Amino acid sequence: FRLKLMAEGELKDMEQFFDDLSDSFTGTEPEVHKTSVVGLFLRHMILAYNKLSFSQVYKLYTALQQYFQNDDEKKNGIDESDMELTNTEELEGKMEKEELDLPLREEEISCSGPLSQKQAEYFLSQQASLLKNDETKALAPASLQKELNNLLKFNPDFAEAHYLSYLNSLRVQDVFSSTHSLLHYFDRLILTGAESKSNGDEGYGRSLRYAALNLAALHCRFGHYQQAELALQEAIRIAQESNDHVCLQHCLSWLYILEQKIFDSCVLLEHSVNKSLHFGLPYLASLGIQSLVQQRAFAGKAANKLMDALKDSDLLHWKHSLSELIDISIAQKTAIWRLYGRSTMALQQAQTLLSMNSLEAVNVGVQQNNTESFAVVLCHLAELHAEQGYFAAASEVLKHLKERFPPNSQHAQLWMLFDQKIQFERAMNDGRYHIADSLVAGITALNSIEGVYRKAIVLKAQNQMSEAHKLLQKLLIHCQKIKNTEMVISVLLSIAELYWRSSCHTIALPVLLQALALSREYSLQYLASETVLNLAFSQLILGIPEQALNILHMAIEPVLAHGAVLDKGCAMFLVAKCQVASAASYTPQRKTEALESAILNLNEAKTYFTKVDCKEQLRDVLYFQARLFHTLGKTQERNKCAMLFRQLHQELPAHGVPLINAFK
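Each residue of the sequence shown is one higher than the one before, starting from 1 at the first, in the UniProt record's numbering.
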């Protein structure tokens with residue numbers, strides 16, 4: 001009866017109903033006790049009603065009227081045949097079907113009517129947790145946005161729904177929608193007065209400064225650095241006016257990110273770490289230490305000092321149970337060891353992270369390790385396996401990455417780049433330059449510098465020397481400008497190889513010495529070893545093989561310990577060439593021993609080249625072995641090598657360069 005009175009009456013009747021509910025708890029003998037089950041339910045209902053804004057109250061009233069009218073229509077629409085139905089299951093099935101048909105209308109999209117406040121909060125928290133920990137189990141971007149639109153259609157002032165919409169838009173790199181949702185979130189946060197109730201007038205200002213800070217972070221993420229700087233200046237100004245040191249520390253961290261695009265901001269970062277520790281912000285302090293370590297790694301600091309700094313940050317992580325930062329720290333160590341060319345140590349760190357159990361409790365069936373750290377480590381793991389010739393294992397790792405991080409996820413670009421690079425290296429090893437060339441476009445889309453470098457490699461392999469040289473020179477200038485030292489050294493080595501192929505051996509020496517100086521200055525041990533191998537080859541070409549053998553001992557050990565299989569094969573092939581060239585002045589007996597030792601080294605090189613299916617290099621080794629066997633008078637072995645050489649030679653195009661002039 002009361003429901004009918006409210007539906008057929010006015011808004012004030014519903015208001016009177018809730019006033020009467022409040023009166024039922026008053027008096028010496030109240031109708032309902034506050035601590036009873038019914039009392040708790042009524043108090044919860046009154047509290048929820050009092051939190052509603054005027055527009056929400058009006059929507060509740062109209063929904064109540066609609067519900068009552070629909071109920072009357074259902075009762076009046078039942079005909080005689082329906083009245084004769086005695087099977088209650090059929091009647092319930094008909095009602096359920098009618099209820100399910102209602103949400104399918106375009107103008108009124110909802111799951112099963114408007115969700116309660118608790119249901120909506122649970123849905124939002126669940127989806128936010130999934131987006132953070134296991135994005136594959138969250139709703140698809142389009143489906144999630146549809147559900148959020150449902151919530152916002154019923155309650156436009158639901159700030160948390162706007163924020164989840166912002167996170168959902170970031171998944172698909174939608175600049176307009178993410179900015180729109182972020183601004184709406186902070187607008188609603190201020191308008192509803194959620195913070196001002198708990199923090200007084202300070203809540204209003206807090207929302208404003210964090211709104212500006214989040215807007216700066218959003219612009220920075222999409223590469224809009226000028227807009228990000230303006231928003232960050234606004235956040236700093238408001239935070240200084242309010243004397244909010246915590247907000248200022250967050251601003252300082254983002255200021256470092258923006259300023260490092262322009263100049264070396266190491267001092268700014270150190271100041272940020274010290275201040276964060278002073279104000280008791282371990283998360284920010286640890287992130288600052290991680291950034292400082294990364295910056296100093298690129299600056300060529302010693303690995304032991306960097307690891308000591310990471311050890312100090314790990315103490316902070318374990319002390320405060322910051323599991324996400326523990327993962328980041330291990331991924332950082334993996335990347336640093338890769339940068340320094342210590343693949344064994346990088347592999348160890350990658351396995352450590354993959355075998356770790358997270359400290360953070362998550363729901364059943366939700367994986368905590370679907371973060372960027374795990375994506376980085378798995379990508380390195382795939383590349384390490386591919387470098388050692390384990391292409392099947394690398395494919396399994398990449399397959400797992402594709403399942404864990406689907407193409408529409410925010411970290412998918414990581415495995416996409418590594419997948420393209422591994423395919424490129426396999427195509428180059430196999431001599432399929434047209435396939436490698438087709439992969440360059442995909443690599444360039446994900447990383448322009450890597451794409452241009454690989455385009456030059458393809459041109460060099462196709463004997464288009466002038467085009468490759470122009471491209472490498474442009475890339476060298478660009479990498480020197482942005483201080484990408486690792487790529488600078490790789491480009492210098494490629495330029496030196498171009499000079500060899502053009503028979504300009506003396507011009508290659510200054511280029512190689514420049515690369516060696518850079519690699520030693522920045523502690524890039526593996527690149528330094530590779531440069532020494534190139535210098536040894538130059539000395540071999542210039543007619544001083546004994547000196548080449550001497551300096552090979554400086555580089556061969558790191559290459560065999562940490563190098564890729566292809567580099568190991570090239571190193572052993574070079575050792576054999578130097579041994580043969582040095583044996584020219586030996587006595588007959590000593591010469592025979594040197595040639596037999598060279599054959600053993602060629603066998604090892606042949607094993608390495610076979611492992612990575614590098615047919616072109618394998619053909620050169622077989623040719624060289626056949627010549628040595630012929631010199632030693634071993635006809636049967638010579639004929640076997642000659643037959644294998646002929647088979648490969650018919651498959652592959654002519655090299656175009658004398659075999660002694662090719663190091664790689």
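What the hints contain is simulated information worked out from the structure, not anything from laboratory work. Everything numeric in this text was worked out from a predicted model, so none of it was measured. Using N, Cα and C, we set each Cβ at its ideal position, and we do this for glycine too. Among the clues, some could well be false.
Stated by the list, open to error - Computed beta-carbon distance windows for the label pairs: (1) Met356 - Lys634: 53 to 61 Å; (2) Met356 - Gln65: 55 to 63 Å; (3) Lys470 - Phe279: 18 to 26 Å.
What the hints assert, rightly or not - Under the rule of at most 27 Å between Cα atoms (straight-line distance), these lysine-lysine pairs were calculated in the DSSO-like manner: (4) Lys51 - Lys137; (5) Lys132 - Lys474; (6) Lys132 - Lys12.
Structure-based check of all given hints:
1. Met356 - Lys634: 53 to 61 Å: About 55 Å separates the Cβ atoms of Met356 and Lys634, which means 53 to 61 Å holds.
2. Met356 - Gln65: 55 to 63 Å: Holds - the Cβ-Cβ distance for Met356 and Gln65, about 57 Å, lies within 55 to 63 Å.
3. Lys470 - Phe279: 18 to 26 Å: Because 53 Å falls outside the window, the suggested range is violated.
4. Lys51 - Lys137: Distance of about 33 Å is beyond 27 Å: violated.
5. Lys132 - Lys474: 40 Å, violated
6. Lys132 - Lys12: Violated: Lys132 and Lys12 sit about 45 Å apart, past 27 Å.
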